[in-house]
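Enquirer: This is what each chain is made of:
Protein chains: 2
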Amino acid sequence: MEEYNDVAIVGVGQTEFGEHEEKTLVDLYNDAFRDALADAGVEEEDIEAIHYGNLGAAVTEGVSNLPAHIVDELGLDPMEAVRYEGACASSSVALVQAYKDVKAGYNDIVAVGGSEKLKSAGTEKGTEALATASREDRTFPEVFAQAAEHYSERYDIPMEELEEQMAHVSMKNHEYGAENPKAQFYGVMEDLDVEDVRDADTVADPLTLLDCCPMTDGGSAVILARGEVAEELTEDPVYITGTGLAAGGTMTEYGEDAIEALPRQAAAREAFEEAGIKAEDIDFAEVHDCFTIAEPIATEAIGFFDYGKGVEAAADGKTRIEGEIPVNPSGGLIGKGHPVGATGTGQVYSAFKTLRGEYDYLEDSDTAIVDTLGGDFGTVAEIILESDRDR
Amino acid sequence: MEEYNDVAIVGVGQTEFGEHEEKTLVDLYNDAFRDALADAGVEEEDIEAIHYGNLGAAVTEGVSNLPAHIVDELGLDPMEAVRYEGACASSSVALVQAYKDVKAGYNDIVAVGGSEKLKSAGTEKGTEALATASREDRTFPEVFAQAAEHYSERYDIPMEELEEQMAHVSMKNHEYGAENPKAQFYGVMEDLDVEDVRDADTVADPLTLLDCCPMTDGGSAVILARGEVAEELTEDPVYITGTGLAAGGTMTEYGEDAIEALPRQAAAREAFEEAGIKAEDIDFAEVHDCFTIAEPIATEAIGFFDYGKGVEAAADGKTRIEGEIPVNPSGGLIGKGHPVGATGTGQVYSAFKTLRGEYDYLEDSDTAIVDTLGGDFGTVAEIILESDRDR
Chain A
656 MEEYNDVAIV GVGQTEFGEH EEKTLVDLYN DAFRDALADA GVEEEDIEAI
706 HYGNLGAAVT EGVSNLPAHI VDELGLDPME AVRYEGACAS SSVALVQAYK
756 DVKAGYNDIV AVGGSEKLKS AGTEKGTEAL ATASREDRTF PEVFAQAAEH
806 YSERYDIPME ELEEQMAHVS MKNHEYGAEN PKAQFYGVME DLDVEDVRDA
856 DTVADPLTLL DCCPMTDGGS AVILARGEVA EELTEDPVYI TGTGLAAGGT
906 MTEYGEDAIE ALPRQAAARE AFEEAGIKAE DIDFAEVHDC FTIAEPIATE
956 AIGFFDYGKG VEAAADGKTR IEGEIPVNPS GGLIGKGHPV GATGTGQVYS
1006 AFKTLRGEYD YLEDSDTAIV DTLGGDFGTV AEIILESDRD R
Chain B
656 MEEYNDVAIV GVGQTEFGEH EEKTLVDLYN DAFRDALADA GVEEEDIEAI
706 HYGNLGAAVT EGVSNLPAHI VDELGLDPME AVRYEGACAS SSVALVQAYK
756 DVKAGYNDIV AVGGSEKLKS AGTEKGTEAL ATASREDRTF PEVFAQAAEH
806 YSERYDIPME ELEEQMAHVS MKNHEYGAEN PKAQFYGVME DLDVEDVRDA
856 DTVADPLTLL DCCPMTDGGS AVILARGEVA EELTEDPVYI TGTGLAAGGT
906 MTEYGEDAIE ALPRQAAARE AFEEAGIKAE DIDFAEVHDC FTIAEPIATE
956 AIGFFDYGKG VEAAADGKTR IEGEIPVNPS GGLIGKGHPV GATGTGQVYS
1006 AFKTLRGEYD YLEDSDTAIV DTLGGDFGTV AEIILESDRD R
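As they're listed, the protein sequences go chains A and B. Going by the working numbering, the final residue of the first sequence carries number 1046, and the count climbs one at a time with no gaps. Going by the working numbering, the final residue of the second sequence carries number 1046, and the count climbs one at a time with no gaps.
FYI, nobody ran anything at the bench for these hints, they're computed from the structure. Heads up, some of the hints might be wrong.
Because identical chains share one entry, a pair is satisfied inside a single copy or across any pair of copies.
20 angstroms max Cα-Cα, derived DMTMM-like pairs, lysine to aspartate or glutamate [stated by the list, open to error]: (1) K678 x E908; (2) K678 x E791; (3) K678 x D792; (4) K964 x E979; (5) K755 x E658; (6) K780 x E716; (7) K780 x D792; (8) K933 x D1021; (9) K1008 x E977; (10) K964 x D912; (11) K964 x E816; (12) K933 x E979.
Model the full assembly from the supplied sequences, consistent with the hints where possible.
Expert: In structure tokens:
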């Protein structure tokens, strides 16, 4: 039994992240899905199951049971299709489960993805949908402002210094997002400085508007294939070599300890063990930078930096493309946008294209990690991707 | 590879179905979970993953990301925990995915379940949460009133005759629910007649209040174990020998054809094929009777009766405990209640206890099917259970 199958990504798709007033959640997923099919060179009929992630459908669009609607609108016969909700990590949770099904040999080719409409839902509905994912009755800027305060106290970094260091995360991710044609902030804000970030409107002290990712509409999709099938479909599959998923350890329950991200530690440990590699083997990372403070917290729990050293490392340029460990070369959630249900497989979209050498900024990378966080530190998925795994 | 593991249920838990004003969704799941652990004789720490189903949390309680909250409140370390949403089939969808993980050997012991609060959410919020699962902007009584009209037209049965035949489903399920100590209608309405059902208030013509399941709060949980582990834990495991899951084919898209339940045909075919048995091998069924008309539609698509003959069969007593194929001996959703996210694993709770001989009304049964429907015919899960499978 314990002989499982290899699993590879053979194609990816993504809508532009931004505002899609005229599109439904189903449209956004299906647009990304068709984009991914074309990229993979497979037909709709080849897809044996659809794994779909979304957070806020019931609030923003008044709908549930979306897999049935997705299958209907694609014109397909009834098929296996499942919705997952893990707050902002919804489509990464979907990917971990889809991966396990292919690894076990239940399916040869499946689709995974997600969609969300937050921008066009309006600020009130969008905020309401997001706030459901916080255990306490507060918004996410408030959650992460609290995280920044915990970080300052725990690691004895004066808040003014921390604010300036965090600004470098915003500057980097806006710079990279400005280069990404599918990003919400494509072509804008490519050259921010610390003053720009600090002088922007305060959202939840100490976080300004430029410390926060935007509200976004969008869809993304990924086609997974069993290793042998993938090798028939493409000359350059990207293998998923390890995944980890953990829930628990929210900020409500763990307070200050939550910023050392206990589920992330568990998920990363599991993913690295399965892949048989370590943090130092990773060439670049796409991590969950919903706020500037969130990115260094992620890089610490994954193991790139010691606890309390991640923000300083970012300010020192260590997470830039030319640095020690490039983090969010796609622009991340801050530069690219954060259409919650589409975010995880959107990160995979960027990592896959980078590993395939389709982007010129990181041509020689072959190993990446995708990290997605859901809620107030409560749900984390880690996915390790490798492009030239010897097999 | 293709050698998979056996999977068995080793314990089940359920809250009373009814009103739980003072309990949260997490409380209701965790109460049922602890009940299931005690039934299985295992500890919280033995559980390797939690698969949780819920429909309406964001609407009724303003929360999402519930797996993290569940793990926190159980006091467990961060662990694999996933939420599934498949409308009224949410926890059955969770069970199908959990089953696949154990079958593949990823886990030895996992928990599956769900919870929902519709009764204590109030009629407005409860109805809003449920209505999200209908593709069109209408309530579920309206969806199933339309289904009854389609049934009458398609099979040329005068509506007055159909109404009287449907009443027998209500009478039977209320009779059995009145005997079930965990049912919402325990001890009441044990002796309805056709006039009682027809003379009740009209909810959506032709459906009266007694054609409808009630609004319900509740939680349910099931412990699954890998076959070899199950055999160490208990002398009488109940094996899951086949599952099927399909989405698509909603009434919006398929109109009248939807009442022949295309996803249900696909899901049942898959489950029967995997189990290597046929509909005639089933000793009893727990099926999705959210409305009286829904039960015969289910029994037809599963294969117990020809299309257009299910309602007549019910009126003739063929689905009573002493009939050809007992359907919903637990009282079903109509007698027991329908706490949506808890319904699927609640059906499994009843089927498991019956197969173990804990209920005296069906002592010699050893093979059952559990059928759960989500949305306007769009998502269906089928689960086959066997108590004395030769192995």
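Enquirer: Checking against the hints above, which ones are violated?
Expert: Checked against the structure, no hint fails, so every one of them is satisfied.
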